[in-house]
Amino acid sequence: MQENKRKESKATQIVLITISVLFITLMLVIPLISVINNSLSEGVSFYFKSLQTEYVLSALKITLLATVIAAVVNSFFGIMAAWLITKFSFKGKQLLATLIDIPFSISPVIAGLAFIMTFGRLGWGSNYIDKINEFFGTNIQIVFAIPGVILATVFVTFPFVSREIIPVLNAQGKEEEEAAALMGASGFMIFRKITFPHIKWAFLYGIILCTSRALGEFGAVNALSKTRGETFTLPLEIDALYLSGSNDSITSAFAVSSILVFIAIAVIIVRNIVEFKAKKKLEHIES
Amino acid sequence: MYVELKNIEKSYGNYKASDHINIGIGKGKLVALLGPSGSGKTTILRMIAGLETPNAGDIIIDGKRVNDIAPAERGIGFVFQNYALFRYMTVYENLAFGLKIKKLPKKQIKERVIELIELTGLKGLEKRYPNQLSGGQRQRVAFARALAPNPSLLLLDEPFAAIDAKVRAELRSWLREMIHKVGITSIFVTHDQDEAVEVADEIIITNKGQIEQIAAPIEIYKNPKTPFVAEFIGQSSKIDDYHKLRGFEKGDYKGAIIRPEFVESFKSDNVKFKDVINYSEDGVIEDIYFRGNCLEVKLNVGGIILTTKRSLERRPIQIGERMHVIVYRLYAYDNERAYLLENKDLKGKELVTF
Amino acid sequence: MKGHKIKKYIRKDRVIPGFDLTMGISLLMLSFIILLPLVSVLVFSFKLTPTEFFRLVTKENILNAFRTSILCSVIASFINCFFGMILAWVLVRYDFFGKRLLDGLIELPFALPTAVAGITLSKLYSDTGMLGKPLTILGLKVSYTKLGLTIALIFIGIPFVVRAIQPVLENLDSQYEEAAYILGASKAKTFFKVILPELRPALLTGFGLAFARGIGEYGSVIYISGNSAKEQTQVVSYIIMQKLNYVDYASATAIALVMLIISFFILLFINILQICQSRRTNHV
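Chains as they are written, first to last, in our numbering: chain W, 1 to 287; chain Y, 1001 to 1354; chain C, 2001 to 2284.
Just so you know, these hints were derived from the structure itself, not from any lab.
A few of these clues could be false.
As the list claims (entries may be wrong) - Listed next, the in silico DSSO-like pairs over lysine-lysine satisfying Cα-Cα at most 27 Å (straight line):
hint	chain 1	residue 1	chain 2	residue 2
1	W	Lys91	Y	Lys1016
2	W	Lys174	Y	Lys1103
3	W	Lys10	C	Lys2189
Claimed, not checked - Here are some chain C residues the structure puts well away from chain W; computed CB gaps all over 10 Å:
hint	residue
4	Arg2014
5	Met2023
6	Glu2052
7	Val2074
8	Gly2129
9	Ile2158
10	Ala2185
11	Lys2189
Stated by the list, open to error - Beyond 10 Å from chain C on every Cβ pair, some chain W residues (computed):
hint	residue
12	Tyr47
13	Asp101
14	Ala111
15	Phe115
16	Asn127
17	Phe136
18	Pro147
19	Ala171
20	Trp201
21	Glu217
22	Glu230
23	Lys280
Positions of the beta carbon are idealized from the N, C-alpha and C atoms, including for glycine.
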């Protein structure tokens, strides 16, 4: 490792490091500071007041609900898919892995559109929803309602957990699981005793990533949510505040944003801790 | 026979991993599956364990056909090539795992684990994790873990491959001793003939998905049945026009295989060989390699290059020197089989060998 | 130790339990959450006749949006490749104070909600903003122009490039470099002839990922871009959203289909690259 760092001349080093630091400062740090700066431009009491409006609290509730459900659903899926992809071989495995990654590569707006085309008035799914509502006497709405917001959130965060676990399991191989299976251990027992201890950090990190993305999802939710104070999530509330144009509301938008910024920073710190732990463990095993 | 494979066929796509395999292994025997990479030996082991299913044929353990019996129900202990120790469990927990699954009472598990730890000399390491053990210790844990549920058959996949050369020799004799002490029927896979010869009671030689020969190590060494075995075992060189060598005639053979120990070379004034000097022929030393405990000498005998070993205790030789050369015996082969041919000139003569 | 062929098939016999269960659940969830909604888009867009489809997607403002999205994404991705290369190099090769912080900050655009990034950049570069004000004095307008759009895309694209290059650079065998060095190649020559070719697949992957994200980007660009049809600062995602708001589902799905096809090809391109890369490294 050390030898890898054959030293370029000191001047080159300084120039390159300076470019990097300037770029990061200009592109990332200044925006970050300006969020905090803007959010406090009308004082601390205004800051806290803007976090406590009815709209913001309702948006917070919806956001948390969607996020928790997305995290649970995608954790469950992530573990199932990772087990399937890393422990077995079957035809079409590569295709399956690619399909799981779809939400990474398409615009979130299209995700929103997809749900409208499925469950909206024109979608084939709306008939079934109507029938269910008729049968049970309920009034479930998907599009432009909370279920749609949840579905969109699940969609955009779908691959997060599986994508963190799969590389770890691939690196571990499957001999340990085979050995346990030869001894007659059940699938659940193998998972609990052998696989899970191995993936718990990656799993945790996957959940964190999933959570942070779910909290911040905008495009997909924007397409499916139209009622402020009822189906709006925090990013939508920020959007509404910002676009209403008055100085006060713009400052409020930044105040709400600052909460999400703090979460983002926390995620990055956790990521670093997890990575550090994983590296240490690797060195430990290799030594 | 304790373990029997009858007409086993197994292919992966177009690749035939097992082609009409028939094996019988006696109770209590320690058997090696020996062959080059890709010869199908690991497949055989994995099929016996139930990690793979044959396309056709029967696998019989203790008189019972086990093809459709789940791997865990076959009463098998399996030692993986890289041991597959559970890295998030201590040595103790590793050994206890299989017993816990069988829902044995706690006290009984403890007794059995302690017994195994003592048997395998792992005392004091119970609380360690696999990554805190040396290669040799890991192998012991893997061995003990496989034995824990009292299997009637032990399968080992390249048990020495993950260990460095120095410790390997020591572990070989340890494993052999251990298996005989426990008295369990065992099959291990290896591509290293020294390993097979040293450890096994019986060797099964595989090649291209087929069985070439099943016999005791000494038998395999002395009487290779097929051209493949003759060439694979020992340090062999192939010679086409062997009939040009003195004392051998051309038969219906395709060629011959000669091992260094079949060739003797000596200087003309060596009195020890004066009885046979008349049956020798001339050879010129082409090359000499120092092999640590002996010299390896390449001799050119009428255009045929023969290899022989020479003790370091004997008189020094040099490249270009003329020597007398005698070939005692060789393995001639046709397409199917290998045949031992003795030097006919030397029949009835008493031979001096070093 | 055996040939690839055997390894590939060895897994056919499944000793580890749970294949049916995990396969069933994975396929079920994948189908309901991802595939069915996307298929609905396809089905709906196939209801359009080809002429209708073409008429819808070749309207001037839509073509302009595609042009803007693709052009700005390409420019942003190129800029990101350049700075991403320097950043990755600095982070892998040098030790300096604050390196870990810099490394962590790279991740920010991944973790920050796009809408937050959008309003922040928009405010920052507006005429009265911290950076916008001095730039306006210099006669450079950023907010509500393609330049602003490109800056937003640089912001969200940078981690893709850095994270694609970093691991490859870390694993690059220093022997190549040393060999070139011993043979007398200059440092610049060593970089362009020895290191850069090794990094090319990773660089292209990073470019592809940043580009894919860029053309579909919504939250971070809509505030800064101004979304003016006249100024050609509308992006494709914005157009789709606009059509949705006007309940013009035919146009929305038609445009979405084109986007899906573009995404598919980028994904295919990246997959092929990665296969090539792993093949190359395996054969060394």
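Outcome of the hint check:
1. W:Lys91 <-> Y:Lys1016: Roughly 20 Å between the alpha carbons, so the hint for Lys91 (chain W) and Lys1016 (chain Y) holds.
2. W:Lys174 <-> Y:Lys1103: holds, 24 Å
3. W:Lys10 <-> C:Lys2189: holds, 18 Å
4. Arg2014: violated, 6 Å
5. Met2023: The claim is violated: Met2023 (chain C) sits with its nearest Cβ about 6 Å from chain W, within 10 Å.
6. Glu2052: holds, 16 Å
7. Val2074: Label holds. Min Cβ-Cβ 17 Å, cutoff 10 Å.
8. Gly2129: At about 8 Å from chain W, Gly2129 (chain C) fails to clear the 10 Å cut-off, so the statement is violated.
9. Ile2158: violated, 7 Å
10. Ala2185: Correct as stated: the minimum Cβ-Cβ distance to chain W is 13 Å, above 10 Å.
11. Lys2189: At about 13 Å from chain W, Lys2189 (chain C) clears the 10 Å cut-off, so the statement holds.
12. Tyr47: holds, 16 Å
13. Asp101: violated, 8 Å
14. Ala111: violated, 7 Å
15. Phe115: Answer for Phe115 (chain W): violated, closest chain C Cβ roughly 5 Å.
16. Asn127: holds, 13 Å
17. Phe136: holds, 20 Å
18. Pro147: Correct as stated: the minimum Cβ-Cβ distance to chain C is 13 Å, above 10 Å.
19. Ala171: With a cut-off of 10 Å, Ala171 (chain W) remains clear of chain C, as the shortest Cβ separation is near 13 Å.
20. Trp201: holds, 17 Å
21. Glu217: Its Cβ does come within 10 Å of chain C, the nearest being 7 Å, so this is violated.
22. Glu230: holds, 18 Å
23. Lys280: Answer for Lys280 (chain W): holds, closest chain C Cβ roughly 15 Å.
Of the numbered hints given earlier, the model fails hints 4, 5, 8, 9, 13, 14, 15, 21; all others are met.
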